[in-house]
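Here the protein sequences line up with chains V and X, keeping their order.
For the first sequence, our numbering begins at 1 and goes up steadily by one.
For the second sequence, our numbering begins at 1001 and goes up steadily by one.
For the record, the hints were derived by calculation from the structure and aren't laboratory data.
It cannot be assumed that every hint is accurate.
FRET-style restraints, in silico, Cβ to Cβ [as the list claims (entries may be wrong)]:
#1 V:Asp210 / X:Phe1326: 55 to 61 Å
#2 V:Ile176 / X:Glu1511: 48 to 54 Å
#3 V:Met142 / X:Arg1464: 47 to 53 Å
#4 X:Leu1593 / V:Ser178: 49 to 55 Å
#5 X:Leu1097 / V:Ser172: 38 to 44 Å
#6 X:Lys1421 / V:Asp161: 51 to 57 Å
In silico EDC-like links for lysine to aspartate or glutamate, alpha-carbon gap of 20 Å or less [claimed, not checked]:
#7 V:Lys160 / X:Glu1052
#8 V:Lys170 / X:Glu1052
#9 X:Lys1446 / V:Glu133
#10 X:Lys1446 / V:Asp171
#11 X:Lys1442 / V:Glu107
Virtual Cβ for every residue (Gly too), placed ideally from N, Cα, C.
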Amino acid sequence: MSELGRRARELLKELKSYGTGTLSPYNEELVRLIFSEIDEHNSQTEAIVSELRRKQAEAEAGAAGATPQQEVDELTATTMCLHYECIKRNKRLLLIYMNERMQRLKEMRWTLRALPEAQKARCCQSEIQFYNEYSRALQTYMSKSEGVGMDLTLDTRPPKDTFVNVRGLKDSGEVILSYGRATVLVGTTISLPAEEAEPLLRDGTVEMVDWDDGFGRNCS
Amino acid sequence: MIVEAQYLLQVYGAIKNDCRGSEDQAVMCFAACTDADSVCASQQLMNLFNREGIFFTLIPVDSYEEVKAHCEPLVQAEEVKTVVLINCGATDDIRSLCELPDNVRIVIIDHHRPVWHGHNVEDDTNTLVLVDEDDPVPKASVPVYNPNEQEEDEEDSGSEASEAEKDDEEDQEAGVSGDGDEDEDDLGVRPGRKRRRRSTGADQEERPAKRSPEARAQARAERRKLAELIDAYYSDCNGYGKPSSLLLFALVNTAQHDDNFHLWCAIVGLTEQLLFHQISKQQYNTWREGLEQKTHVQADPQEELDNEAANGLLHIPRQKVHVEPFDDLRLTLLRYWTIEDSLRYTGYVAARLQTWRQKGLDNLRSLLTYMCIPLKHATTAYKGLREVYNSQLRAQLPRFAPQHMLAWDSLHLSSFRLLYKHEEISASDMVFALLGLLTDAKPKEKSWHRAAFNDASNALHVQRNLNVVEKGIELAKRMCSDVVHECGLMITSGKVKGGRNADYRWVNVAESNGLANPRFTHPAVLKYMALFLRDATSHRYSSNDARRPMVVAGPPDEGGMCCVVAVHAKHISGNKLQKNPFARPFIETASALHIFQQKSAFENTTFHLRKEEVGPFLDRLQHVVKEYTEEAKRLEQVAAA
């Protein structure tokens, strides 16, 4: 048995090292090893339980009519707890791994609108299947015939107005907009159409200014 | 062209037409990021632009060099463009400074005075300076610009032949651009716009083809008179005009976009000017009364009727925020401090009682005791105090303050407060919160002044950024206590130069412990400090006429630049300009020492110098001011004779 929970930890570290916008290659080998570790813990636990049952049966046979002895010695109890906690921990870390990958796939559907080939190559079969099903469900929801009839992936935040105000987070120079030119500098505020602000918001050049028209007229 | 407030809507219409008729539809706005008035004015303008669907870029700036750098792409611009300057640009020839072409319209909303007289050209619809009729320096007091004044001066010294030649040249030019019947109000006409400063029609008609010696002498006398007028204008009209936020409130009101938010912005801008002694109390009251009427309009009586009609059903009020007039105590951040601390760090009280000394503190505690406020409660947070102590403070202060050398008139003012749900904030608290945020210097961050400006802008939206307001208030508390402690230390250790009868007093913060405090590099904090030092030093001499103007040189910032500010000595009553006598001495001193400013502030009594230049500057300033005083005395004697 390897160091307890080390593999699951490595799995998550690997995913974390890839940043939020990308996926790490699905590490099938490590996942299989974690499962085998869980199996090993399970078999150990089963061995202890069967041993306990055997002792219990012997005790019952030896002293028929007497009250059966239910007590387990401290060492056995601790060992059982340890194995059980290890199983739970590995399970938890595996679920985090799967969930995080799933969230990133969803994020890609919303921001990139399609799964890039490079990312697709890093997914396992079931992840690709999940992505396709999610994409299909979203598509249906956005369709005119069965859903709301608008492309919800255009905005990262539901727009309140056709124009938005944004504030520069880095000096990225001049940008060409539909109404003219604007220079994005740290701390400058720019008003522009919501759809043109979206790419700038996505790449972190600007941030949205929470604007309300007067005192709370336009705020939620 | 100087535009009066009655034409605000036409100016706004011209901006809209420029935007719609041009390929580049965005308005470029620059706002000075050193005062609260700019924050309020820019928020009002942004709000208006947002409502009307006008695209804009707002750039907070702290010097003319920064404005120039941002305007560089416009130098070669061919399309029509509008640049709006908030609290900057009025005192200088901004077009030449930024080398802006004629197709760029400049609209200036600035409270700094004097307005550069070159802006006072009726035909120039490219550069519009907004000055209200009730401004302390109205349009009528600005000398009319004569674009030929320099040439004519040369002409005086030249030969007659050269004069005739020049006359011919001028006649030719007048012939080319002599169609000077452009309608003053027709600001929207853009195509083929060209500045016609030279084509003042009246001049051309009256001017003879060749002047006789009498006519030349008369012209020379007129020019001399005009030069004297200009000289007097630049000597006597240094100070502050109507707050930009008040002017913009007039615009949004005329455009029927006004609401409580705009009203609050105007109130904050106005209160800042009073707290910084930039306007007289009479002038404040005149403008305040106008705003008070607006609060009644904005209060919306229909809301009360709706409330009654709702009969307990879920009701959403129309105005989530309520602004109302009230009589406020002029104690700094009282609601967010303890009574003792608020009294201790209020500039007026601290200067009078010298609260940085133990004796002063004892006096303060004596006042509290007279007012029957136990010291235990005086040191408890005001918000946690029982109502009885609050009312006791208000009831007893008018009675016992005069016994402790404090005038009741200086301890209260008619002001406004903003009510939002269960929160309440007074206009003066808001000013201090904005100043706290604006002056929160972070030397390691490159564009901290822009971040500070944006924080202050956010703080104005109290209903969603109450945490930012609270942060600002904490910073303001620190600022006030730092100023009182540092200035107290400077006074006790004799760092304030100039004696009882000096023309002015001055201090170099770099020679004190304040050197390490980055807050003291900000001009607004230095001005606050100067006002406090001015009052505190005069009270040390226990004489009413011991008040002198104050010059404060700040410590060097990370770039090695020090800020020098000056404040006037005496309050001028009536709706008059609070004259600052240091504008010209500063310029003369700098030119005498051949100091080239690397960073030009927006007002002429704030100078940024390199740290090695501060010492010589302060030394030289003494001689220059002495010369000015002697000259003034001589003129007085001549006038008396």
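These are the hints, each one checked on the structure:
At about 29 Å, the beta-carbon gap between aspartate 210 (chain V) and phenylalanine 1326 (chain X) misses the expected band of 55 to 61 Å. In this structure the hint that isoleucine 176 (chain V) and glutamate 1511 (chain X) lie 48 to 54 Å apart at CB holds, the actual value being about 52 Å. Against the hinted window of 47 to 53 Å, the Cβ-Cβ separation of methionine 142 (chain V) and arginine 1464 (chain X) comes to about 31 Å, which falls outside the hint. At about 52 Å, the CB distance of leucine 1593 (chain X) to serine 178 (chain V) agrees with the hint of 49 to 55 Å.
Range check, leucine 1097 (chain X) to serine 172 (chain V): about 27 Å between beta-carbon atoms, so the 38 to 44 Å window is missed. As the Cβ distance of lysine 1421 (chain X) to aspartate 161 (chain V) is approximately 25 Å, the hint placing it in 51 to 57 Å is violated. Taking the CA atoms of lysine 160 (chain V) and glutamate 1052 (chain X), the gap is near 16 Å; set against the 20 Å cutoff, the hint holds. In summary, the hint linking lysine 170 (chain V) to glutamate 1052 (chain X) is not supported, as the alpha carbons are separated by about 28 Å, beyond the 20 Å threshold.
Simply put, lysine 1446 (chain X) and glutamate 133 (chain V) have alpha-carbon atoms about 48 Å apart, too far for the 20 Å limit, and the pair is violated. Restraint check for lysine 1446 (chain X) and aspartate 171 (chain V): satisfied, since their Cα atoms lie roughly 11 Å apart, inside the 20 Å limit. Restraint check for lysine 1442 (chain X) and glutamate 107 (chain V): the C-alpha separation of about 36 Å exceeds 20 Å, so the hint is violated.
In the structure shown, a violation is registered for the earlier hints numbered 1, 3, 5, 6, 8, 9, 11, in ascending order.
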